[in-house]
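Chain by chain, the residues run as shown.
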Amino acid sequence: MTQPEKLDIVGRISRLGISPKPRWYFLLKDGALWSLAIAATVLGGLAVATSIFILTDHDWDVFHYLDRSLLMHVLMSLPYLWVILLALLLLLARYNFSQTRHGYRRETWQVILASILASLALGLMLVALGFDSKVHNLLLKQLPFYGRLVYNKDDIWIFPDKGLLSGFIITTDDGRGFSLKDPVGADWRIILNDDTDLCQRPHIWPGEHVKLIGHVLQPHVFDAESVRPWGE
Amino acid sequence: MDQGTAAKTDQELVRETLQDPKAYAALVERYQAALLRYILRLGCPSRDDAQDVLQEALLKAYLNLNDYDQDLKFSSWLYRIVHNETISHFRKNRIRPRTAETEDQMLFMENSASELDLNTEADRRLLGERLERALAGIEGKYRQVLILRYMEQKSYEEISDILRLPMGSVATLISRGKQSLKKAFGQNI
Numbered sequence: 000m001t002q003p004e005k006l007d008i009v010g011r012i013s014r015l016g017i018s019p020k021p022r023w024y025f026l027l028k029d030g031a032l033w034s035l036a037i038a039a040t041v042l043g044g045l046a047v048a049t050s051i052f053i054l055t056d057h058d059w060d061v062f063h064y065l066d067r068s069l070l071m072h073v074l075m076s077l078p079y080l081w082v083i084l085l086a087l088l089l090l091l092a093r094y095n096f097s098q099t100r101h102g103y104r105r106e107t108w109q110v111i112l113a114s115i116l117a118s119l120a121l122g123l124m125l126v127a128l129g130f131d132s133k134v135h136n137l138l139l140k141q142l143p144f145y146g147r148l149v150y151n152k153d154d155i156w157i158f159p160d161k162g163l164l165s166g167f168i169i170t171t172d173d174g175r176g177f178s179l180k181d182p183v184g185a186d187w188r189i190i191l192n193d194d195t196d197l198c199q200r201p202h203i204w205p206g207e208h209v210k211l212i213g214h215v216l217q218p219h220v221f222d223a224e225s226v227r228p229w230g231e
Numbered sequence: 000m001d002q003g004t005a006a007k008t009d010q011e012l013v014r015e016t017l018q019d020p021k022a023y024a025a026l027v028e029r030y031q032a033a034l035l036r037y038i039l040r041l042g043c044p045s046r047d048d049a050q051d052v053l054q055e056a057l058l059k060a061y062l063n064l065n066d067y068d069q070d071l072k073f074s075s076w077l078y079r080i081v082h083n084e085t086i087s088h089f090r091k092n093r094i095r096p097r098t099a100e101t102e103d104q105m106l107f108m109e110n111s112a113s114e115l116d117l118n119t120e121a122d123r124r125l126l127g128e129r130l131e132r133a134l135a136g137i138e139g140k141y142r143q144v145l146i147l148r149y150m151e152q153k154s155y156e157e158i159s160d161i162l163r164l165p166m167g168s169v170a171t172l173i174s175r176g177k178q179s180l181k182k183a184f185g186q187n188i
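Protein chains in written order, with numbering that gives the first Met the number 0: chain A, 0 to 231; chain B, 0 to 188.
These aren't lab readings, by the way, just hints derived from the structure by calculation.
For clarity, every value in this text was computed on a predicted model and none was experimentally measured.
Every residue, glycine too, gets a C-beta built ideally from N, C-alpha and C.
There could be a bad hint or two in this list.
[Claimed, not checked] Here are the simulated lysine to aspartate or glutamate pairs, EDC-like style, with alpha carbons at most 16 Å apart:
(1) B:K59 - A:D7
(2) B:K21 - A:D7
(3) A:K28 - B:D66
(4) A:K180 - A:D153
(5) A:K161 - A:D222
(6) A:K161 - A:E224
(7) B:K91 - B:D48
(8) A:K161 - A:D66
(9) A:K20 - B:D19
(10) A:K152 - A:D181
(11) A:K161 - A:D60
(12) A:K140 - A:D154
(13) B:K72 - B:E11
(14) A:K20 - B:D66
(15) A:K140 - A:D153
(16) A:K28 - B:D68
(17) A:K20 - B:D68
(18) B:K181 - B:E138
(19) A:K152 - A:D58
(20) A:K152 - A:E231
(21) A:K180 - A:E207
[Said to hold, decoys possible] Computed spacing ranges between beta-carbons, pair by pair:
(22) B:G139 - A:M71: 47 to 55 Å
(23) B:R93 - A:I37: 36 to 44 Å
(24) B:A170 - A:L112: 17 to 25 Å
(25) B:I86 - A:L123: 39 to 47 Å
(26) A:Q109 - B:S154: 16 to 24 Å
Hey, can you work out the whole structure from these sequences and the hints?
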């Protein structure tokens, strides 16, 4: 092959008056990519924590009151939003990492596995610190559509006709019962008897958030078979 | 290029260029023939087009010289920029890469004969024509990696650095590329 014409690159550089981009530009760019990769992994940790909260906060034993099979109950309760978000965040972390100086040398499965493990570790740490419930409840309060996209415990404890009721205790009645305001603001009279399971608690107090299993005796009168603290 | 400059390493020339742009001429002279050949092997339709692509790529390399990572071979870094500029040129101008020239076909065959199980005893002209058609018939990503391996004779590590892919992915692309090429060639494995 004949030699190429001599390229006058230096002449062109001189005519254009250009010079190499400064080193800090590339350091900043690499730093930004790393930050995005880390941010994606941290958000992945939040997704893991919130998913764990949603799954562990669930009342898996009451599905038969809702005329559902266990399988249906499980399928309806899975945190799909967070799982999809986690998957997208993992892909984002992978992409950003692969754009860094040496990131491309790692196999995709290695990067994704590392991101999963990092998100899992961070998620478990957030659960241990109690941030899992804080994030979920904050989103429920601040984002009206969030409650429609994820399983919300409130959604199953508002079927008094099926035997499931929840709310805040307003007044108590010397162990014979108490009044309750349910999530939609309706007032209920709750009847307790000797067989009512109070989950080994000697007393119940006004202001407590509770969930009840039982049956409706009359409109707005509920005979409680068990009274559980909301958080259990 | 004088003897003193010829003895300098790429890294030394890069450092000198960052102080004085005139030193870039030595790097350009060192690599321009190989890079032009590479652009043509990728399928640039004309030598003039290839010269233009090369010039733009070398300017880009100069602008990004502070991004050069000393852990990489300078040639790999430069090949990466030229590769990307060439593919970008094909996309922007909707160019269909032309097939390899005869001497490149021969080089490809010599370097790949045992791995592709080619019968190099056969009529070399016919073999060359079949290779030309086969290369034109496989996907671009396989063609590019096979050109780097069997025409540019780059190692897996160099290809990994040029294409910014993990080495495992390079190995997979080469393996699949060979399979595609064999299929297109009509040979048995």
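Consistency of the hints with the structure:
no., hint, result
1, B:K59 - A:D7, "holds, 14 Å"
2, B:K21 - A:D7, "holds, 11 Å"
3, A:K28 - B:D66, "holds, 10 Å"
4, A:K180 - A:D153, "holds, 13 Å"
5, A:K161 - A:D222, "holds, 12 Å"
6, A:K161 - A:E224, "holds, 13 Å"
7, B:K91 - B:D48, "holds, 13 Å"
8, A:K161 - A:D66, "holds, 9 Å"
9, A:K20 - B:D19, "holds, 14 Å"
10, A:K152 - A:D181, "holds, 13 Å"
11, A:K161 - A:D60, "holds, 14 Å"
12, A:K140 - A:D154, "holds, 15 Å"
13, B:K72 - B:E11, "holds, 13 Å"
14, A:K20 - B:D66, "holds, 8 Å"
15, A:K140 - A:D153, "holds, 13 Å"
16, A:K28 - B:D68, "holds, 14 Å"
17, A:K20 - B:D68, "holds, 14 Å"
18, B:K181 - B:E138, "holds, 13 Å"
19, A:K152 - A:D58, "holds, 8 Å"
20, A:K152 - A:E231, "holds, 11 Å"
21, A:K180 - A:E207, "holds, 11 Å"
22, B:G139 - A:M71: 47 to 55 Å, "holds, 48 Å"
23, B:R93 - A:I37: 36 to 44 Å, "holds, 39 Å"
24, B:A170 - A:L112: 17 to 25 Å, "holds, 19 Å"
25, B:I86 - A:L123: 39 to 47 Å, "holds, 44 Å"
26, A:Q109 - B:S154: 16 to 24 Å, "holds, 21 Å"
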